[in-house]
Structures are given as C-alpha cells and as structure tokens.
Amino acid sequence: MSDYSVIGKRVHNIDGTEKVTGSAKYTFDVVLPNMLYGKVLRSPHPHAKILKIDTRRAKRLVGVKAVVTGKDTLGRKHGIWRRFPELCDEEILCRAKARYIGDAVAAVAAIDEDTAEEALDLIEVEYEPLPAVFDPMDAIKEGAPQIHEGVELNINVNRHIEWGDVDEAFEKCDYIREDKFKCSSQAHVCMETHDAVASFGYNGKLEVWTSTQSSYYIQRLYADMLDMNESDIRVINRHTGGGFGSKFELDSAQFCAAILSQKLCQPVKIVLTREEEFTATKRRTPMYYFLKLGAKKDGTMLAKEVRVITEGGAYTAMGATALYLTGFFSSFPYKYPNYRYDGYRAYTNTAPTSAMRGFGAPQSTFVGESQIDMMAEDLGIDPVEIRRKNGMTPDYEVPGQAFIQSCGLHQCLDKIDEHLKKRGKLPPNHGIGIASYGFMSGGIFNWFNTPYAFSAAVVRINIDGKVDVYTGACDIGQGSNTTLAMICAEELGVRLEDIRVFSGDTGICPPDLGAWGSRQTLMSGNAVKRAAAECKQQLLEFAGAKMGVNIVYDLDIKDRWVHLVDRPERGVSYFDIVKGAIRGKDGNAIMGRGYYTPHRKGMISPAYSFGVQAAEVAVDVETGRYKLLNVTTAHESGTVINPVGIEGQLEGAIMMAGGYGFCEDQPMDDGKILNPSIADYKLIRSLDMPETEILEIDTYEPEGPFGAKEAGEGLTNPTAGAIGNAIYKAVGVRINDLPITPEKVLKALKEKEKQ
Amino acid sequence: MKKELKLKVNGQPYELFVKPKTLLVEVLRDLVGLTGTKRGCSSSSCGACTVMLNGMSVKSCSVLALQANGAEVVTVEGLAKGNELSPLQRAFLDHGSYQCGFCTPGMLMSTTALLTENPKPTKLEIKEGIDGNICRCTGYNSIVRAVTAVVKGEYKEAK
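Protein chains in written order, with the numbering used here: chain A, 3 to 757; chain B, 82 to 240.
Just chain A, same shape as in the assembly (with noise of 0.2 angstroms):
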C-alpha cells in the first residue's frame, strides 16, 4: 500500500507550530471581558450528611459575586450510563450528603481567585459525619455503611460473561492454578487540570469552553442538568492538555461554572488545583482479582473463571464499563474455549474510580500475563510458546461476543521471540518479561444513550480548494487532529497542508462520541473518510463532463491532479475542477458528509490490535530497587496513518504504565488520599524512562479507514504484566499486587531467602 501519497508519512501535527511557539489557546488561557473566577468547597469528611450550609459570611466579603449550593440546582443526579437512571448517581453539588472526601458542596464566583479562596473558608457547613467503608471487600458485607439509598451491599453494578461449559472442562483440564491479585489505583495527572470557562447569557444560552474529551458528552449531560435544550448549549474544546479517561463527564469545575454564570450573566472560569485534580477528580479503578486457569499438559487452555471485585468510590462514572471491559479482555488474546466472568462494582467512600487509558484491561493484562507466566513455568513450556498455542488469530470468533478480523498476534510474538534470542544470556539480576496483548478500536455501547450516530463529519471544500473539516472529534493531544486530516486528505487527493479541521466544537460540527475508547482514528477517521468521498464524488462527476472522458475510464484525484486512474497523464488541475464545479452548483460549496456507527460487528468493538511487549529490568537484589532498562514493543494498528503519532502514543504509553507497574500509587487513610501533589505522587520521569524500541507488524484491518486501527490505549495495557514477569525472571520472585515498588521486591526476596 506504498501509493498513498499522505497516509503513513512523517508530518508535523498540524497544531504543532502553535504547541511548539506557546500560542495554542487552552481552556486554561481563556480570558473573556467581564470575567471572574470561581472555587469549589470540598467535604473534609468521607461520608456525611449535610446539615446546613450557611453562605453569608462568604457573600458579604468584599468581591464576592455569588456563592451557590446543592439547593441552588435542580436537584438532579447525572451520570454517563444515561440509559440508566439508577447509574446516574452523581448529582455534583452534593445537597443532603457528601460521599467521599472531595465531593463538592458550594462553589463561588469572585472578582479573582484569591478573593474567591478566601470566601470558601467564610462558609460554613454543618455536617453529621457517617461511619464510612474504604476497601470494597468490606463494603459488600452485612452491616456496612450505605452509600447510596436502596443499593443493598453497596453493589453498584455486577456483570457476568460467559461462554462454553466451565466446570466441564476444569475436570479435562490436566493441570489447574488458582491466584489473586490486586491491582492499584492510577492518577490521569492530565497537564492542564480539569477547567471551564461557562458563559450565561441574557439569551439564555450557555457557552462553555472546557478541556474534554467530548464535548458532545459535556453538552448533552449540561443538557440533562440545567434543563436546558442540547442545542442552547455550545461546549468549544480546543487545545486539550491530556484527558487519558478523565475528561469526558461532567465534572465540578464544569457544572460550578456553569451554575454561577447562571446565577449572574458573566463568564466564570473554574481551574481546579492539582490538589483538586487528584483527590476530586476520577481515577482508574482498582481491582481485586480472582483468576482460576485450566490447562492441558501440552499447555492449550481450556477453561478461565474470573471473578473481580472492584473499588467503585462514591459515584458510577465510567466505572461500569470498566468492569465490563475488564472482564471481556481478562479473555485476551487467547482462544479460551470456555470462559466465565463475573465482576462486581462496590461503593466506596473513597474517589470515584472509572476510565483511564487502557479502561481495565491494564488491569486484566497485568493479572492475566502474570498467571499465564506462572502456569508455563508450572508446565516446562517457553513463555512465547504458550502465548502461541493459545494466541488469537484472524477471523476468529470470541463465543457470542465478538468478531477479530485482523489480528497479527502471532507475528508480533514471532518478533519478540528473535528479541529475546538476540538478547541472550543476561547478566544475574536481569531479567526479561513478556506479555501480550489487545484492545478495542472504539466501542459499541449505547450506554449514553445518543440518538446521533457515533461519528460523524462535514467536510467541505472552498472555492480555493482548500477543505475544511468538521468533526465532533477531540484532539486531547493524541493528534486525532492531524490523524483526520491526514484521511481526509488521502482520500481527496489533496495535500495536508490543503487541510484545516475545526474539531469539537458542538456550535459547528456534528456530534461524535469524542476521544475514549481508542474510537477516533476508526470510527471519526470512517466518517471524515466518507464525507470526502462524497466530495470527491462530486468534483469527479464535474470533472468527467468537462474532460468528455469515456464512461469506460475511471477518474480519480491524486496530489492536486484530477486523472484518469489508467492515464494518469491525462488530466486537470484539482483546483481548475473546484472551481468549475462551485460554479455548476450555482455557487455551492463542495460540501460531504460522513457518518459511522458500527453495525453486525459483535458486542465490543468494530476492530482489535494487539502486541506482544518484553521489559527488561535489573534488580539489585540488597535494596529490592530496580531499574526499568528497555522496553521493546511488537504491536501491530492496521495500517499506519500518522507514523509519528504512533511512536509518541508507544512511547507515551510505556511512561504511563511502566509508572502503573513501576511506582504511581495513590496511598489513602481513611479514604483521605496521602499523596495528592506531583511532588509526591511519583511519575516516571525522564531518568527513570527505559528505552524504548518499536517493531511495527503490517496488517490490514478491513474495517478500519485505509486499514487502520487502534493504536492509543491497547499500548497502556501489556507493560506491568511485562515488568512482573520480568521480576520473576531477573530474581524469582513474584508480586501479585501492584504497583511493584522496591519494598515489595525487598521483602518477596527476604521471604524467599528463608524458605
């Protein structure tokens, strides 16, 4: 597929020029005339009724515009899983009860940040504190505290998947092992912490610029709280300074800004604190896991029961697609022919837990591609070789669940496998660990409950025949941007720098699901792709009748040049083309559109990627300290649209989950999170980050735009199953509860000593 002309080369971003010169306008730079800023006051207590809040000390100090409550709203609960009601839980500005430390109870507007500040201490709020539950284990016991009226047990929600018989083939299998784990809690730690700017106006509409994920999400779920028509609500996403699963809800700063401008008619900007960020914000989602593997003596595996329990925190959020994902990919990437899930969602009085990049399925690879390490040990086989005799392949069906097309699984191994030989015989306390993996290209959930398909686009081209592209896409960062107009240009046969994308923007482009799941490069790259192609379509009908060509020859545009694709000699300029066929439709511009929503494509996900990762670590066996040393990733994403992306999001994500493995924990007593600065919240930091090599695997994923597919979160997914493995082999000893941090290695190797 070497002809295309812009798919698959090394480009800037198109944005890059305005990251790289410090002019790109964050939500965090939005300045606007008459604006003031507000605060949020947070509930020191896990677990509290809210007696009284009384707000007129704050509302007389001097600069101090307008101080809002719980009663100050409508009342109203939200929540992403909208086709549930009882899953939206969440009603932002607490009104008779707080439910972790950090929900929000007042919020204020003010002439500055500081002024504002200060009026947060001058309201008071009487609570009656309420025994509080922390670990889910006890929060699903007889006698636990209730967190939420009628939810018995504090069981949020339970999933269960299952295919083949299980219990029947536990009794074939020749060898079974069953082991826990638990995994740990991850801070998104987004640069530009979660921000909005909202502006009432007299009109009666509300524009909100805000750092998202979606802004689709944001405006339909302002929608739901404000009462208001979806369409009297504009939600601008423009440079977004990281989301990775945290900014696709309606959060505090969203909701206070919106009630305040409300309230006054004057744009208010709400910045949360990196101390808010950590400790009211979402969070990924820990887990304890249950694994029970079954095997024949040649290691085929013949039965997998899992059974999860995961620390919801206070409100749903995300958290039940992640303990659906979870328990969908603790089946990856292996043909099991008999499978069973069963997971469960505790309350906690601890933060909401729910999305962050790889969406439980870090979690399920870390415990998966621990236990599959530990059963080929068990058995005498190669760690690779049980991967391959187990390893999904394409076409193949997961039961009643999904469909694979593309899959280069078993390449991918076949590359690790030459790594590790290349590598050879290690010095002592080396040691290297592989594990494999998949992930979703997008979902297929209607939990929101969207009448609009989950992606669509307008691409139009000007008289000048430049396109403009219009996606309810989010570029976070990720550069789905660039990604889009990279589709769009290929399939118009124009050039990039031809292409301006305004994205996110609900005021003017169409709704699209937004950046989660690893959905834009599929499904908004499957849109914007159409809507070109209806373009196309239309310059090509123009351009045949102008050239007289003969009906038999077809015509096609490549680099500016409108051809015939067997005489490529013969043709036009593009640009000629675009203007004679604005002038034939009386002036029109060209104008496309595109959507996508997947259909007859199983339950999960239109497409899978997937790779094979090898983390080489050393151990200095007297302090338990290692040292993350290389990280070499076989992945293969379909096709390749933006090779330069690609290696920034393998790269990005190894920094984000070697950190999962490696250090990054978030420590709580009594529901009060220990660690919530940068200072303390440990990061991989340039010193600590291994290197990092890339082995590409070409596949074709017949779904996808150009082939394309994933290649954003799957990447978080494989590297602390690696770095475990990698522990075990470096030094034997083996962690079952992440992150694996130097005491835990210190004290495994003591204990091991004494055996």
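Do not take every clue at face value.
Each computed SDA-like pair below joins lysine to any residue, with the alpha-carbon atoms no more than 20 angstroms apart [said to hold, decoys possible]:
1) B:Lys102 - A:Thr275
2) B:Lys83 - A:Thr275
3) A:Lys27 - B:Glu158
4) B:Lys162 - B:Asp175
5) B:Lys208 - A:Arg687
6) A:Lys79 - A:Thr452
7) A:Lys603 - A:Tyr702
Chain B residues, not near chain A, derived (Cβ > 10 angstroms throughout) [to be verified]:
8) Met82
9) Lys84
10) Gly117
11) Gly220
12) Ala230
13) Tyr236
The following label-pair restraints were derived from C-beta to C-beta distances [unchecked claim]:
14) A:Leu428 - B:Lys204: 14 to 24 angstroms
15) A:Leu428 - B:Glu206: 23 to 33 angstroms
16) A:Asn677 - B:Met137: 22 to 32 angstroms
17) A:Asp622 - B:Glu165: 19 to 29 angstroms
18) A:Asp181 - B:Leu112: 53 to 63 angstroms
19) A:Cys267 - B:Glu165: 50 to 60 angstroms
20) B:Lys204 - A:Lys754: 28 to 38 angstroms
21) A:Lys752 - B:Lys204: 52 to 62 angstroms
Read the hints as simulated data drawn from the structure, not as lab findings.
Ideal Cβ placement from N, Cα and C applies to all residues, glycine included.
Given chain A's structure and the hints, the job is docking chain B onto it.
Only chain B this time, still in chain A's reference frame:
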C-alpha cells in the same frame, strides 16, 4: 501594598505594580499577557512554568515577581526570531516531541537553558536537564532525540 517591578520580558521592558506575594508566572500570564508559560502544579514540581531568568532556567511559580526586579526573562514566546522558529522548536516539530503541548513551553525553556549552559550535553545530561519537567504524553524519549539532533548540528540557528 503594591510595589514597582521593572523587568524585561523577551527584550521588551515593562514597568508594573505588583503585590509582594505575586508570582513571576502570574506577572507573565496575567499582567504581561504571555500565556505560553503554563502552570501545572503551582508547587515547582511539574516544570510547565519554566522560563529563563537572566539566562538560567527557573520555575516561575516558585519565583516571587519582585525577586525578578531588574531581570531579563525569556519565555517560550521569545524563542522564535520573527517568524523563524529556533532550532529546538523545529527539532521538536520533526521528532513529535509534544502531544497535548501543555508541558512543551516548559520543556523548550529547560532544554534551551541547558544548551545555553552546555552546548554539547551527553544523553544523560539531556535527561537530567528535563528531569524537572513532567510530560504525561510523550514518554520523554522523543524530546531527548530532538535535543540530540540539535546538539549534532542538524538544525541551524535562525538568522
């Protein structure tokens, strides 16, 4: 009580009145109006607010504005000459050394300061030079590659 603050930002002199508690980052963003400099933590841990103060990189959220009295400050907006990007800016573009872009101004200022101080840093020295800057998107290695390319002379200084 506000006090007088005189400083040069990207070569332009400013005379301002600021409170003693006002931070340099607040002066740059809110009073001078240069929003390229970001704030990610306000506790000098993330590096998004890095600027050059008299040629040295500092985190402008941990500098009181009055401490910069009489100083020369360079921000990300001061790196390009006219419409010509600096070698590091061009290298960042070519190597995809940014994604969301929020840490990028700080990264560029840290690496610019590094090369001012040490024009031929080793790979380890480059990594040390950005160890105070958090990037949640790229994984740093593409930034190290961009700086390495500049060190090797692959990008000429704009005239």
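Verification of the hints:
{"no.": "1", "hint": "B:Lys102 - A:Thr275", "in the structure": "holds, 18 angstroms"}
{"no.": "2", "hint": "B:Lys83 - A:Thr275", "in the structure": "violated, 26 angstroms"}
{"no.": "3", "hint": "A:Lys27 - B:Glu158", "in the structure": "holds, 13 angstroms"}
{"no.": "4", "hint": "B:Lys162 - B:Asp175", "in the structure": "holds, 19 angstroms"}
{"no.": "5", "hint": "B:Lys208 - A:Arg687", "in the structure": "holds, 9 angstroms"}
{"no.": "6", "hint": "A:Lys79 - A:Thr452", "in the structure": "holds, 18 angstroms"}
{"no.": "7", "hint": "A:Lys603 - A:Tyr702", "in the structure": "holds, 17 angstroms"}
{"no.": "8", "hint": "Met82", "in the structure": "holds, 15 angstroms"}
{"no.": "9", "hint": "Lys84", "in the structure": "holds, 17 angstroms"}
{"no.": "10", "hint": "Gly117", "in the structure": "violated, 2 angstroms"}
{"no.": "11", "hint": "Gly220", "in the structure": "violated, 3 angstroms"}
{"no.": "12", "hint": "Ala230", "in the structure": "holds, 14 angstroms"}
{"no.": "13", "hint": "Tyr236", "in the structure": "holds, 12 angstroms"}
{"no.": "14", "hint": "A:Leu428 - B:Lys204: 14 to 24 angstroms", "in the structure": "holds, 22 angstroms"}
{"no.": "15", "hint": "A:Leu428 - B:Glu206: 23 to 33 angstroms", "in the structure": "holds, 28 angstroms"}
{"no.": "16", "hint": "A:Asn677 - B:Met137: 22 to 32 angstroms", "in the structure": "holds, 30 angstroms"}
{"no.": "17", "hint": "A:Asp622 - B:Glu165: 19 to 29 angstroms", "in the structure": "violated, 48 angstroms"}
{"no.": "18", "hint": "A:Asp181 - B:Leu112: 53 to 63 angstroms", "in the structure": "holds, 59 angstroms"}
{"no.": "19", "hint": "A:Cys267 - B:Glu165: 50 to 60 angstroms", "in the structure": "violated, 45 angstroms"}
{"no.": "20", "hint": "B:Lys204 - A:Lys754: 28 to 38 angstroms", "in the structure": "holds, 36 angstroms"}
{"no.": "21", "hint": "A:Lys752 - B:Lys204: 52 to 62 angstroms", "in the structure": "violated, 36 angstroms"}
The structure is inconsistent with the numbered hints 2, 10, 11, 17, 19, 21, although it conforms to all the rest.
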